[in-house]
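Top to bottom, those sequences are chains W and Y. Okay, so the first sequence: first residue is 6 according to this note's numbering, each after it adds one. Okay, so the second sequence: first residue is 436 according to this note's numbering, each after it adds one.
No lab work stands behind these hints: they were computed from the structure. Everything numeric in this text was worked out from a predicted model, so none of it was measured. It is possible that part of the hints are untrue.
Simulated coverage check for chain W against chain Y, where a stretch passes if three residues somewhere in it have a Cβ under 8 Å from a Cβ of chain Y [claimed, not checked]: (1) 104-113; (2) 158-170; (3) 214-222.
Derived DSSO-like pairs: lysine-lysine, alpha-carbon spacing no greater than 30 Å straight-line [stated by the list, open to error]: (4) Y:K522 x Y:K543; (5) W:K229 x Y:K575; (6) W:K101 x W:K229; (7) W:K209 x Y:K575; (8) Y:K585 x Y:K505; (9) W:K229 x Y:K543; (10) Y:K575 x Y:K585; (11) Y:K575 x W:K110; (12) Y:K575 x W:K101; (13) W:K110 x Y:K585.
Ideal Cβ placement from N, Cα and C applies to all residues, glycine included.
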Amino acid sequence: MSKILKYISSLILCFVVVYSVQAQKTKTEAKTKTKIVADTIKTPLFNGITVQGDLISAASSMLSSGETYSYEGALQADFKHKYLPVLEFGYAGADKLTSDNIGFKTNALFGRLGLDFNLISQKKDKKPTTNLFLVGFRLGMSKFNYNITNVSITDDYWGGSQAMLYNNLSTTKIWYEIVVGIRVEVIKNIFMGWTVRSKSLLSKDADGNVTPWYIPGFGINNGKSNTVINYTIGYKFQLPSKRKSFGSIKKPNAEIKPETKLKNNNQQTK
Amino acid sequence: MKKTQYILFVLCMTLCFSCAVDESCRTNQSVLMDIGMYHVTQTDTSRTVASMTIDSITVRGLKYDAATKKYSYMDSVLYNNLKTITKIDLPLHSFESTSAFEVTFNSKRITTNTVTNINDTTLYINKKDTLIVTHQNTDKYLSLQCGSIKVHSLDTILATNNFIDSIRITNRKVSNINVENIKIYK
Numbered sequence: 006m007s008k009i010l011k012y013i014s015s016l017i018l019c020f021v022v023v024y025s026v027q028a029q030k031t032k033t034e035a036k037t038k039t040k041i042v043a044d045t046i047k048t049p050l051f052n053g054i055t056v057q058g059d060l061i062s063a064a065s066s067m068l069s070s071g072e073t074y075s076y077e078g079a080l081q082a083d084f085k086h087k088y089l090p091v092l093e094f095g096y097a098g099a100d101k102l103t104s105d106n107i108g109f110k111t112n113a114l115f116g117r118l119g120l121d122f123n124l125i126s127q128k129k130d131k132k133p134t135t136n137l138f139l140v141g142f143r144l145g146m147s148k149f150n151y152n153i154t155n156v157s158i159t160d161d162y163w164g165g166s167q168a169m170l171y172n173n174l175s176t177t178k179i180w181y182e183i184v185v186g187i188r189v190e191v192i193k194n195i196f197m198g199w200t201v202r203s204k205s206l207l208s209k210d211a212d213g214n215v216t217p218w219y220i221p222g223f224g225i226n227n228g229k230s231n232t233v234i235n236y237t238i239g240y241k242f243q244l245p246s247k248r249k250s251f252g253s254i255k256k257p258n259a260e261i262k263p264e265t266k267l268k269n270n271n272q273q274t275k
Numbered sequence: 436m437k438k439t440q441y442i443l444f445v446l447c448m449t450l451c452f453s454c455a456v457d458e459s460c461r462t463n464q465s466v467l468m469d470i471g472m473y474h475v476t477q478t479d480t481s482r483t484v485a486s487m488t489i490d491s492i493t494v495r496g497l498k499y500d501a502a503t504k505k506y507s508y509m510d511s512v513l514y515n516n517l518k519t520i521t522k523i524d525l526p527l528h529s530f531e532s533t534s535a536f537e538v539t540f541n542s543k544r545i546t547t548n549t550v551t552n553i554n555d556t557t558l559y560i561n562k563k564d565t566l567i568v569t570h571q572n573t574d575k576y577l578s579l580q581c582g583s584i585k586v587h588s589l590d591t592i593l594a595t596n597n598f599i600d601s602i603r604i605t606n607r608k609v610s611n612i613n614v615e616n617i618k619i620y621k
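Please model the complete structure; the sequences and the hints are all you need to start from.
So this is what it looks like as structure tokens:
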């Protein structure tokens, strides 16, 4: 049942992603039809802070019936509309039971710090865009405790068994992420977009170590890198003075008003 | 335009469903001590060691009874008259530091007499040797799906000499990675 729910929700999510990109494109195309010639665009140093939340992690947490859960948000500053330092934080955990009744439990806060680069450059002869095509990196960290229960060793030939106790084990994990994504302004100051990120742990556990099955902020620890997708919605807070400056269009000085144009024509006929 | 939408949709679907978690344990969980059989041919000028095939072999575990101070057979047989054997894999005791086995060899050795140039055949029928292995046991965690196993470090190995000429430890670590741990020479 949960697999069907996951499937349906993923389908809906895919349609939302496709539709939002399509809608944004149509909107942009429509606007560019109104011929506006802009003067040189001066991008201010600071363009505000975006507060955003991840929809995919929240949705998958609700669908996984508590096996794994993650809720995360981010604060991202915008400098020169090119450099976007970001602080991501969240709360994640797992309560997993395998088919052999081995249990794993953890929950903790996690944080990531990184920088995105906007690859869309503002062109002089085109309308300035607030949309972003981002490439960046993150350094993530989580310090957490975890329990592994119901592990036992049984000697099938000589006989005997032993229950293993792996309670309240503590660890700190650090990983890095390579991020690629887009973000578009769907309504004024409301941004939506997705990012695909590849996560890799900085250090590898030694063979035989009691490794955690799930790392908050990183995901399932399978000894390899994890690839995940985020779909974020966010609100951009801008300084009052900056609201008009970026994205506003100065009309060209040389443009001739219709009335003046008419007068000139009359003079010529005379 | 429709093509772009289709590509995006396929991309999303791939990303959503490519992250399925495999629930089954794919790691080898059996920890066995690997013993190889070798034959040594020695002449005045050379000494060659070659892998030896035993015609048939029977191996049983021996449990030690502290009260009677005697070894008795385990209920199940590890190798029951198995034919053409070049190596055997034996489980060590997970919770005790000594494991004992009785190995019964049935083998035929053909050697060429260098003086007469005639083949000499020696028959070994139901030759029984006892192996006593002392070892240390440690826990090794594999994964959430596979749980934990006991791995061993070999200390000493003792053998009677009814069939076996000599015995040597080649790798002390007995784990779920199969490597030869002991060589038996005839």
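Against the structure, the hints come out as follows:
1. 104-113: holds (count 4)
2. 158-170: That given contact holds, which follows from 8 residues of the segment 158-170 of chain W lying within Cβ reach (below 8 Å) of chain Y.
3. 214-222: holds (count 4)
4. Y:K522 x Y:K543: holds (16 Å)
5. W:K229 x Y:K575: holds (20 Å)
6. W:K101 x W:K229: holds (20 Å)
7. W:K209 x Y:K575: holds (16 Å)
8. Y:K585 x Y:K505: Satisfied, since the Cα-Cα distance of roughly 26 Å is no more than 30 Å.
9. W:K229 x Y:K543: Distance of about 52 Å is beyond 30 Å: violated.
10. Y:K575 x Y:K585: Holds, because 6 Å separates the two Cα atoms, which is no more than 30 Å.
11. Y:K575 x W:K110: Distance of about 20 Å is within 30 Å: holds.
12. Y:K575 x W:K101: Measuring from Cα to Cα gives roughly 21 Å; hence the hint holds.
13. W:K110 x Y:K585: holds (24 Å)
Of the hints listed earlier, the one the structure fails to meet is number 9.
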